[in-house]
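**Q** The primary structure of each chain is shown beneath.
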Amino acid sequence: MISHNIKKYRHSPLLNEAIEVTNDLGSVTFIGAAAVFLHTNKDRGSQDLDFIIDYDATDEQLQEKRYIKYNDRRNGYTTKRKTIFVDIYKNTNADISGIPTKTIINTAERFEINAKRGRINELKAANLEVLIVMKYNARRNQDIEDLETLASYSRRKIDWNQIKSITNDDYHYSRIRALMHI
Amino acid sequence: MYITKQELALLSAQRLDTKPVYSMKDDFVPSTFKSKRTAYRYRKYLESIGVLKGKRGNFKLNTSVISQLHLIQNLLPSIKSLKNARKFGRNYNEKDIKFFKKNIVYQLITLDYKAWELTKYQNPSDLYAYVKDIDEVANYLKDNKFKEGKKGRVILLPMIGDFSNEIQRVYLDCIAKGGRSTQDAIAINLLFWEKLVYKGHFNIEEVKIVQDNLKPIDIP
Numbered sequence: 001m002i003s004h005n006i007k008k009y010r011h012s013p014l015l016n017e018a019i020e021v022t023n024d025l026g027s028v029t030f031i032g033a034a035a036v037f038l039h040t041n042k043d044r045g046s047q048d049l050d051f052i053i054d055y056d057a058t059d060e061q062l063q064e065k066r067y068i069k070y071n072d073r074r075n076g077y078t079t080k081r082k083t084i085f086v087d088i089y090k091n092t093n094a095d096i097s098g099i100p101t102k103t104i105i106n107t108a109e110r111f112e113i114n115a116k117r118g119r120i121n122e123l124k125a126a127n128l129e130v131l132i133v134m135k136y137n138a139r140r141n142q143d144i145e146d147l148e149t150l151a152s153y154s155r156r157k158i159d160w161n162q163i164k165s166i167t168n169d170d171y172h173y174s175r176i177r178a179l180m181h182i
Numbered sequence: 001m002y003i004t005k006q007e008l009a010l011l012s013a014q015r016l017d018t019k020p021v022y023s024m025k026d027d028f029v030p031s032t033f034k035s036k037r038t039a040y041r042y043r044k045y046l047e048s049i050g051v052l053k054g055k056r057g058n059f060k061l062n063t064s065v066i067s068q069l070h071l072i073q074n075l076l077p078s079i080k081s082l083k084n085a086r087k088f089g090r091n092y093n094e095k096d097i098k099f100f101k102k103n104i105v106y107q108l109i110t111l112d113y114k115a116w117e118l119t120k121y122q123n124p125s126d127l128y129a130y131v132k133d134i135d136e137v138a139n140y141l142k143d144n145k146f147k148e149g150k151k152g153r154v155i156l157l158p159m160i161g162d163f164s165n166e167i168q169r170v171y172l173d174c175i176a177k178g179g180r181s182t183q184d185a186i187a188i189n190l191l192f193w194e195k196l197v198y199k200g201h202f203n204i205e206e207v208k209i210v211q212d213n214l215k216p217i218d219i220p
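Heads up: the protein sequence lines correspond to chains G and U, in order.
Going by this note's numbering, the residue at position 170 of the first sequence is 170; the numbering climbs one at a time, nothing skipped.
Going by this note's numbering, the residue at position 34 of the second sequence is 34; the numbering climbs one at a time, nothing skipped.
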């Protein structure tokens with residue numbers, strides 16, 4: 001697993017919530033806006049945090065930690081802090097945006113960040129290549145914008161061979177490459 | 001009914017399926033139902049108004065604008081302003097934004113920060129500001145060690161079009177920018193619909209997501 005050295009991140013409510021969630025639930029892998037933020041230090045996310053719980057967790061266990069299911073949103077929960085919505089994916093989900101959940105967890109990267117009062121926190125997020133393919137598979141307006149952000153802030157770090165092996169498809173590989181070089 | 005070449009170019013773009021990146025040969029030429037040369041002329045027009053961006057045979061479309069063809073005349077000033085935007089950065093963090101707000105006389109803040117002020121929906125990232133004399137402000141920033149480039153968080157926009165209804169202008173700017181700003185536009189639509197004269201059409205699923213995530217706030 002790749003580990004990033006301690007990095008100074010911009011103050012962000014999303015990051016603070018990600019730290020709180022990790023403290024509450026232990027081993028979780030962030031995907032979506034939080035993962036984009038950890039890779040680029042650029043925060044332009046909606047007020048929800050998406051992550052996978054790496055271990056088997058039941059709804060009762062989540063409820064004990066005051067993660068309450070919110071209305072009819074499929075994966076939506078509110079936390080005791082009520083500042084941000086969280087979308088929780090269980091490790092039993094077969095795939096998320098076309099990527100097997102196990103692959104996302106097994107290839108995740110660690111990010112060490114300087115939090116309050118010099119405390120070091122460690123967060124885990126989907127690796128860059130997996131994140132790119134997930135965003136490409138989702139293809140909503142905000143995903144395309146996230147891909148542009150990843151292209152301008154992390155283009156040099158992308159391992160194109162890994163993207164090729166994740167997509168396992170020359171057409172989609174060439175489309176992702178074209179998109180990220182425009 | 002007579003349809004202009006510009007309208008034909010926009011309609012050809014609207015006919016394309018939603019894709020993150022399009023191929024000139026495989027996607028755009030067939031969607032025009034015209035010759036390759038005409039397709040390239042249409043592409044040039046779409047590029048000139050800032051809704052198409054690309055290199056060689058591939059391009060990206062601002063689908064947010066293309067899907068709102070009924071608003072195109074109202075969106076053109078916003079699109080032009082965004083196309084002529086200039087980005088500046090010194091520390092590349094909040095300090096740049098604080099410096100700008102403290103020292104620069106601007107006409108209107110739009111997009112990220114204004115949308116956040118109105119809706120509290122998405123965290124703001126970049127400061128987009130309309131200024132009267134863009135060169136003068138750019139020179140002032142450069143004199144204060146700001147550098148112009150692609151990654152700056154302070155973005156100057158030239159004043160093009162109508163600014164009489166601020167909320168309407170911010171709303172149109174959000175649609176013109178597309179991407180995540182489309183969600184800001186939807187949030188503004190939901191909260192300030194009575195202040196909007198021109199309204200966009202949005203995907204119902206996206207509206208539902210924004211509606212679910214909007215926090216109850218006090219509307220001024």
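Watch out, some of these pointers could steer you wrong.
Pairs of lysine to any residue, SDA-like flavour, derived with a Cα cap of 25 Å [claimed, not checked]: (1) U:K208 with G:D143; (2) U:K102 with G:S12; (3) U:K150 with U:Q211; (4) U:K150 with G:A151; (5) U:K83 with G:A151; (6) U:K120 with G:N75; (7) G:K69 with U:K83; (8) G:K80 with G:A94; (9) G:K65 with U:E205; (10) G:K90 with U:K83; (11) U:K208 with U:A85.
Derived contacts from chain U toward chain G, CB cut-off under 8 Å, selection only [as the list claims (entries may be wrong)]: (12) G54; (13) F59; (14) K60; (15) T63; (16) H70; (17) N84; (18) L118; (19) Q122; (20) K151; (21) G178; (22) G179; (23) R180; (24) T182.
One-sided excerpt, in silico: chain U residues whose CB lies under 7 Å from chain G [as the list claims (entries may be wrong)]: (25) K25; (26) N58; (27) N123; (28) V207.
No lab work stands behind these hints: they were computed from the structure.
C-beta: ideal position from N, C-alpha, C; glycine also.
**Q** Close enough to count: is the Cβ of T63 of chain U nearer than 8 Å to one in chain G?
**A** Given a least distance of 7 Å, the restraint on T63 of chain U holds.
**Q** Would you check whether K60 of chain U satisfies its interface hint, that is, whether its CB is within less than 8 Å of any CB in chain G?
**A** Since the shortest Cβ distance to chain G is 5 Å, the answer is holds.
**Q** Can the restraint linking K102 of chain U and S12 of chain G be considered satisfied, given a maximum Cα separation of 25 Å?
**A** holds (22 Å)
**Q** Is the hinted pair K150 of chain U and Q211 of chain U satisfied, with a Cα-Cα distance of at most 25 Å?
**A** Judged against 25 Å, a Cα distance of about 33 Å means the pair is violated.
**Q** Have a go at the L118 of chain U hint: is there a Cβ in chain G nearer than 8 Å to its own Cβ?
**A** violated (15 Å)
**Q** Should the hint that Q122 of chain U touches chain G count as held when the rule is a Cβ pair under 8 Å?
**A** holds (5 Å)
**Q** Going by Cβ atoms only, is N123 of chain U closer than 7 Å to chain G?
**A** This interface hint holds because 5 Å falls under the 7 Å limit.
**Q** Straight-line Cα separation of K65 of chain G and E205 of chain U no greater than 25 Å?
**A** violated (30 Å)
**Q** Quick one, are K69 of chain G and K83 of chain U close enough, alpha carbons at most 25 Å?
**A** This hinted pair is violated, its Cα atoms lying about 43 Å apart.
**Q** Classify the hint on T182 of chain U as holds or violated, based on whether any CB of chain G lies nearer than 8 Å to its CB.
**A** The hint holds - T182 of chain U has a Cβ within 8 Å of chain G, the shortest such distance being about 5 Å.
**Q** Measuring from the C-beta of G54 of chain U to each C-beta in chain G, is the shortest one below 8 Å?
**A** Since chain G brings a Cβ to about 5 Å from G54 of chain U, closer than 8 Å, the hint holds.
**Q** Would the pair K208 of chain U and D143 of chain G pass a check requiring their Cα atoms to be no farther apart than 25 Å?
**A** Answer holds: K208 of chain U to D143 of chain G is near 17 Å, not above 25 Å.
Of the numbered hints listed earlier, those contradicted by the structure are 3, 7, 8, 9, 10, 11, 16, 17, 18, 25, 28.
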